[in-house]
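Colleague: Letter by letter, the chains look like this.
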Amino acid sequence: MRLERRDSPAAALTLLAPLGAILAALLLMGLLIMLAGGDLLRAYGLILKGALGSRLGISETLTRATPLILTGLAAAVAFRARLWNIGAEGQFYMGALAVAAFGMIPAVASLPAPVAILLSLIAGAVAGMILLLVPLGLRLKFGVDEVVTSLLLNFVAVLFVSMMIDGAMKDPLAFGWPQSVPVPDNAVLPKLLSRSRLHAGLLIALAAALVIWWVQARTVFGLRARAAGLSPRAAAFAGVSLGRTLIGIACLSGGLAGLAGAIEVMGVKGYVTTDLSPSYGYSGIVIAMLANLNPLGVIGAALFSAVMFVGADSMSRAMGIPSYIADVTVALSLLCMLVALFLTQYRIRR
Amino acid sequence: MTPVLELSGITKRFGAVTANEDVSLHLDQGEIIALLGENGAGKTTLMSILFGHYTADAGKVRVNGALLPPGRARAAIRAGVGMVHQHFALAPNLTVLENVMAGTEPLWRLRSDRAGGRARLLALSQRFGLKVDPEARVSDLSVGECQRVEILKALHNEARVLILDEPTAVLTAQEAEGLFATLREMASQGLSLIFISHKLHEVMSASDRVVVLRRGRVVAERRTADTSKEELAELMVGRAVARPERRPARPGAVLLEAVGVQAKGLKDLSFRLHGGETLGIIGVSGNGQTALAGLVSGLLAPARGDLLIRGQRPARHDVPHAIAAGIGRIPEDRHAEGTIGDMTLWENAVLERIWAPEFSAHGRVKRAAARAATEKILKDYDVRGARVDGRIRLLSGGNMQKLILGRVLEAGPDILVAAQPSRGLDEGAIAGVHARLLEARARGAGVLLISEDLEEVLALSDRIRAIVDGRLSPAIPVARADARLLGLMMAGDWDAAAAIESGETPDAP
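Sequences listed follow chains Z and S, in order. The opening residue of the first sequence carries number 21 in the numbering used here; numbering runs sequentially from there. The opening residue of the second sequence carries number 936 in the numbering used here; numbering runs sequentially from there.
Isolated chain Z, as found in the complex:
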């Protein structure tokens, strides 16, 4: 048996790849459930029912999908241009912290709500951008690999958040718990559905996906960014400045991750803690890959992850199977997706 490169991958195959990967991951998950002694069909049923079977389930799934869409976009945008931003987790936290810090300015409380919300979102996005511009600057200036620097900055960012919420930004009314002062009421995102956690951040995330798709497919900047990612040398020959393009990409990518953090604080939690993100930043990488770096595909991939997390939570409560099964399944889906992507490029011969 050997592999032969396909001359040109079929369009249908590229679409089927993520579906096949998800199916394979679900089957592998079944093996694990059987190992844990669970009833397979009941488990699948409970996951579906938990995530989509009730008003609460659906609203929870969508709430969970919101930050995942944004961090997924952050990774997809950067990876398209071969900027390996592994630091979305840190950018998420910096975005969240920036919102809380912005809310501490006394004048903010008297702003009209739309203005306060808009300025808070901008503050979060800018904080994310700045955190990604550091590793990018190091790469452009000294050739330092951004995979390492952006990854390590995550720990710096989380520790910085920890320092701030136990120090200058600590909420005096939180009975000594390390958490930041809450976001002012006029900067809280409106709820989409009463008696649920679902908030307007979902609409922002969906709009962001559309805008990113449009930028990539229709604008000069998108064309240049793709060229720079595919072949820096040919792009340079065509007059595309690699540095300027990557700075633009870093602003988008870091901004989206920062926005995710801002929205999570403004829509769900209301204040910053160091467990604000169940690694939304890292999940974004998986989601971007699962979506084949397509911004619209990111929506679907984020929904899949959210269904798995929310569904597995309720399944594990009902059946006594550890809820880590969701993490395993999402990780498996990434591995399956990588195999599937490979198979869209190659075919197996005898």
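Zero decoy hints are in this set.
Interface residues of chain S toward chain Z, partial, derived using beta-carbon atoms under 10 Å: (1) H1270; (2) G1276; (3) M1278; (4) N1283; (5) I1289; (6) S1295; (7) R1299.
Hints in this document: simulated from the structure, not taken from any laboratory. All C-beta atoms in this analysis are idealised placements derived from N, C-alpha and C, irrespective of residue type, glycine included.
With chain Z fixed as given, assemble chain S onto it according to the hints.
Modeller: Relative to the frame of chain Z, chain S by itself:
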């Protein structure tokens, strides 16, 4: 006597395209066969089947009478077939010795026999006159040396049949001479060789027998002694090729002038380029051709000195300013610089002028206009085998070059810098490229032709300079050029050229 190698009835299809149809050929011991054909004639596919990279749809390969199992490169190597690829398959971060030994020892052996390998390598390199330092890192080697390593690697695997895919594509004339001497030596010691080429003069000078492929079929087989360049050219193309004729130049104003330019790879460079003339730059590869092309293309800014366009210093030395000032650029390397393989034809066609109002407004790409402009190029420049929305990597080299010519010339440049414009192209495509360059000159553009192909420079240029170690020689008119003088110029002996220049062209710097 059984032939060393025998292919019979090989057929290979890729979808609707037939790459090889019923191809049969044989190779005797100690013989050199040239496999001649235009780009896309199926030469490389045929050799890939022989070497097990592809599986043939029909047909058989025999080595020394024994059937070779299809689709197994390892079996081919074990049977004594070695291949030297056009694009070298060497690991740049390893030494020559490590590259040669890679894959020859079983993985479970803990220690590799470096001393033995080294001795064998040196013996081989002595025997065939392939000089190379076993401890040198491959990334530090020149292309010529890399090729020697590839050949040594095949010989180290005890190859008795050696296949060379366009071995001279990346070599200078001198290096090619050396290579052919080596091939002769190897044949005289009993090795059998096939080399793939589309260059007639090397086929004539280096082979015993020529097999001509056209559209995947063997159209003729000749003993080299019994044929001529003209016959082979006709067999290869299927018709007689007429090289375009050059009308006398009508030089106009100075369009481009370099005054004492220093930059990375260039030392004190001065020249003038007039409208309506072609200035040919010859030289041994690696003497600053790339830097010179980069300088005029806007990729490289002068560290000292000036590059004046129509007597004016450009506001900035970058690509968009160069293009806006009317410089058209044909890149040296179509694949790495000129195109982005995974982008579509239209994206490749408009990327370098995407800022122009024709192709974008307020940061939005005018997709319809870009597609229409590309469609026009496909039609006017006869680009075949592609759709506007198809990926450009599916084009052959010749068609890719036509698209590049199209995108450059449609902008109507006054100054055209063409770096190695016909490298790797077949006869028919070369004639097309030359006709376009002459057309631009006739319309009044100044053409700076940087080429390592002397025949090409002589056919197209009005004046010729040599580039040696980042400096330009005095210019001589093409009428005064002969092999001896050009050789002296390329070697850096410029007295004779200077005498001619001071006598004939008063305007030279």
